[in-house]
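In the order they appear, the protein sequences are chains A and B.
Taking this note's numbering, I'd label the letters of the first sequence as residues 1 to 113.
Taking this note's numbering, I'd label the letters of the second sequence as residues 1 to 113.
Take these hints with a grain of salt, some might be off.
[Unchecked claim] Once the Cα atoms are required to be at most 30 Å apart in a straight line, the calculated DSS-like pairs of lysine-lysine come out as:
1. A:Lys9 with B:Lys70
2. A:Lys57 with A:Lys14
3. B:Lys70 with B:Lys26
4. B:Lys70 with B:Lys56
5. B:Lys70 with A:Lys57
6. B:Lys56 with B:Lys69
No wet-lab data here; the hints were simulated from the structure.
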Amino acid sequence: NAGVTQTPKFQVLKTGQSMTLQCAQDMNHNSMYWYRQDPGMGLRLIYYSASEGTTDKGEVPNGYNVSRLNKREFSLRLESAAPSQTSVYFCASSEEWGNTEAFFGQGTRLTVV
Amino acid sequence: SQQGEEDPQALSIQEGENATMNCSYKTSINNLQWYRQNSGRGLVHLILIRSNEREKHSGRLRVTLDTSKKSSSLLITASRAADTASYFCATDMFSGGYNKLIFGAGTRLAVHP
């Protein structure tokens, strides 16, 4: 039982490049989320998917897009990377977001140069 | 602005001592959760306390919740070097039709042998 799996673990991008961060969970959870973590800022919600087929913006959605491909997978896309998007990205899932325990992936450390 | 804010930002203690971290939040909640993050890793859920609960225990962890003061505390008793980590509180916030989990900036705990 892998829990929440994120790929890749590390990535370096040049400004203007695009990439997709992948996330998959094997716990049959309804809700999935993408957070970014910057030093001293805690975790900030980028996008979330309360259930399969729905996505919505969080606190800091600008510059990102998401796809809830199916119940298992929730991807985050950076269309044109900027240095301000240098961060650690975490995917998480839960049976019911906010009301139950959340399970986190190990994170993707992204550097945009 | 963030819903939850931890205090202190950093805490340094000796093994065997107790560690207390506090969390204050701004709006009404249904529940409050505490998470631990070891350096370079994802977050791990510790405890969830609901708004109608005042205290909860899990092993060496004790969490209290005072909804009148909009605050919570996490007590780690008889701390160990392995407790060295960052600790985050997270509160549910209902907006946009969904419940979201909003994190504070965290308390960095260092336990010295």
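Verification of the hints:
Distance check on the hinted pair: Lys9 of chain A and Lys70 of chain B sit about 37 Å apart at the alpha-carbon level, beyond 30 Å; violated. Simply put, Lys57 of chain A and Lys14 of chain A have alpha-carbon atoms about 25 Å apart, close enough for the 30 Å limit, and the pair holds. For the proposed pair Lys70 of chain B and Lys26 of chain B, the alpha carbon gap of about 7 Å is at most 30 Å, so the pair holds. Under the criterion of a C-alpha separation no larger than 30 Å, the hint pairing Lys70 of chain B with Lys56 of chain B is consistent with the structure, at around 16 Å.
Note on Lys70 of chain B and Lys57 of chain A: the hinted pairing holds, with a Cα-Cα distance of about 26 Å set against a maximum of 30 Å. Proposed proximity of Lys56 of chain B and Lys69 of chain B is supported: the alpha carbons are some 17 Å apart, at most 30 Å.
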